[in-house]
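These protein sequences, in sequence, are chains A and B.
Letter by letter, the first sequence follows residues 2 to 69 of the working numbering.
Letter by letter, the second sequence follows residues 601 to 730 of the working numbering.
Quick caveat, the hints were computed from the structure, so don't treat them as lab data.
All residues carry an ideal CB built from backbone N, CA and C; glycine is no exception.
Careful: at least some of the hints might be erroneous.
[Said to hold, decoys possible] With the Cβ distance kept under 8 Å, some of the chain B side facing chain A (calculated, not the full set): (1) K661; (2) D664; (3) E665; (4) L666; (5) S667; (6) D694; (7) K725; (8) G726; (9) F727; (10) K728.
[To be verified] In silico lysine to aspartate or glutamate, DMTMM-like type, Cα no more than 20 Å apart, as pairs: (11) B/K728 x A/E65; (12) B/K723 x A/E29; (13) A/K22 x A/E65; (14) B/K668 x A/E29; (15) B/K668 x A/E35; (16) B/K725 x B/E665; (17) A/K22 x B/D664; (18) A/K23 x A/D64; (19) B/K661 x A/E48.
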Amino acid sequence: MNNRIKELRAKFNLTQDDLAKKVNVRRETIVFLEKNKYNPSLRLAYEIACVFSTSIEQVFLFDEKNST
Amino acid sequence: MKKLIVAFALLAFLGIGFVVFKTTGHLSNMDTLSMVIFLLLVGVGIGWLIKKVTTVKKSEKIEDELSKRILEKTSSLSFYVSIYLWLVISILSDRIFLPLEQIVGYGLIGMAFIYFVIWSFYKVKGFKDE
Numbered sequence: 002m003n004n005r006i007k008e009l010r011a012k013f014n015l016t017q018d019d020l021a022k023k024v025n026v027r028r029e030t031i032v033f034l035e036k037n038k039y040n041p042s043l044r045l046a047y048e049i050a051c052v053f054s055t056s057i058e059q060v061f062l063f064d065e066k067n068s069t
Numbered sequence: 601m602k603k604l605i606v607a608f609a610l611l612a613f614l615g616i617g618f619v620v621f622k623t624t625g626h627l628s629n630m631d632t633l634s635m636v637i638f639l640l641l642v643g644v645g646i647g648w649l650i651k652k653v654t655t656v657k658k659s660e661k662i663e664d665e666l667s668k669r670i671l672e673k674t675s676s677l678s679f680y681v682s683i684y685l686w687l688v689i690s691i692l693s694d695r696i697f698l699p700l701e702q703i704v705g706y707g708l709i710g711m712a713f714i715y716f717v718i719w720s721f722y723k724v725k726g727f728k729d730e
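Chain A extracted, bound-state conformation (with noise of 0.2 Å):
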């Protein structure tokens, strides 16, 4: 599973410390998601997309071919 956090993170100006704080994280889970080392609980996910106004599935990109 890939994700786009980098990407909106940049577009809506925020910082890693600053999106941990929105999903009340610490900044290491963030930089740990951002480099794909950690998949997050579903709340995780639905809140960091609530950030960025958009849904899960636009954030989380799930790669069929690589699943188990």
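The hints should help you fit chain B onto chain A, whose structure is shown.
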């Protein structure tokens, strides 16, 4: 700069501790090793505490879903690996004659080391597509 000061303070603490222990009596190699491990654990503990205090001061969250997940994964895997550690220790204890307290001590240090290694692994690699 702050990180540098903390790192320097920790190194100084470890260095002073080492010199004090070394100069206050005769220590065998095993005593020295135990002391170094003890000082390292204390150093890591102080570093962890400083990090937590800094986080609270910045009014950031101490724990979130990622940190909980890392702790869960680390705990379960390190428990699993530790079973094998104790198995090896129990086999070796028949061949190497050491006092029980010493064997238990090495086992505990081994468990702490395993936990630290696995925690570091997850901190660096993360867990993609789980």
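Going down the list of hints, with the structure as the test:
1. For B/K661, the interface hint holds, the least distance from its beta-carbon to any beta-carbon of chain A being 5 Å, beneath 8 Å.
2. Hint status for B/D664 relative to chain A: holds, with the closest Cβ pair at about 4 Å, below 8 Å.
3. Hint on B/E665 holds. Least Cβ distance to chain A is approximately 6 Å, under the 8 Å limit.
4. Annotation: interface hint on B/L666 holds; nearest CB of chain A at approximately 4 Å, less than 8 Å.
5. For B/S667, the interface hint holds, the least distance from its beta-carbon to any beta-carbon of chain A being 7 Å, beneath 8 Å.
6. Taken as an interface hint, B/D694 does not check out: its beta carbon lies about 43 Å from the nearest beta carbon of chain A, beyond 8 Å.
7. Here the hint on B/K725 is kept, as its CB sits about 7 Å from the closest CB of chain A, short of 8 Å.
8. Here the hint on B/G726 is kept, as its CB sits about 3 Å from the closest CB of chain A, short of 8 Å.
9. Contact between B/F727 and chain A, as hinted, is supported at the beta carbon level, the nearest pair being about 6 Å apart and thus within 8 Å.
10. A distance limit of 8 Å between C-beta atoms decides the matter here; for B/K728 the minimum to chain A is near 6 Å, and the interface restraint holds.
11. Under the criterion of a C-alpha separation no larger than 20 Å, the hint pairing B/K728 with A/E65 is consistent with the structure, at around 15 Å.
12. Annotation: proposed proximity of B/K723 to A/E29 holds, straight-line Cα distance about 10 Å (limit 20 Å).
13. Between A/K22 and A/E65, the direct Cα distance comes to roughly 31 Å. Violation of the 20 Å bound is thereby established for this hinted pair.
14. Of the supplied pair hints, the one linking B/K668 and A/E29 holds, its CA atoms being roughly 13 Å apart against a limit of 20 Å.
15. Of the supplied pair hints, the one linking B/K668 and A/E35 holds, its CA atoms being roughly 19 Å apart against a limit of 20 Å.
16. Restraint check: the Cα-Cα separation between B/K725 and B/E665 comes to about 16 Å, which is no more than 20 Å; the hinted pair holds.
17. A distance of roughly 12 Å separates the Cα atoms of A/K22 and B/D664; the hinted pair therefore holds under the 20 Å criterion.
18. For the given pair, A/K23 sits about 27 Å from A/D64 by alpha-carbon distance, which is inconsistent with the 20 Å threshold.
19. Note on B/K661 and A/E48: the hinted pairing holds, with a Cα-Cα distance of about 16 Å set against a maximum of 20 Å.
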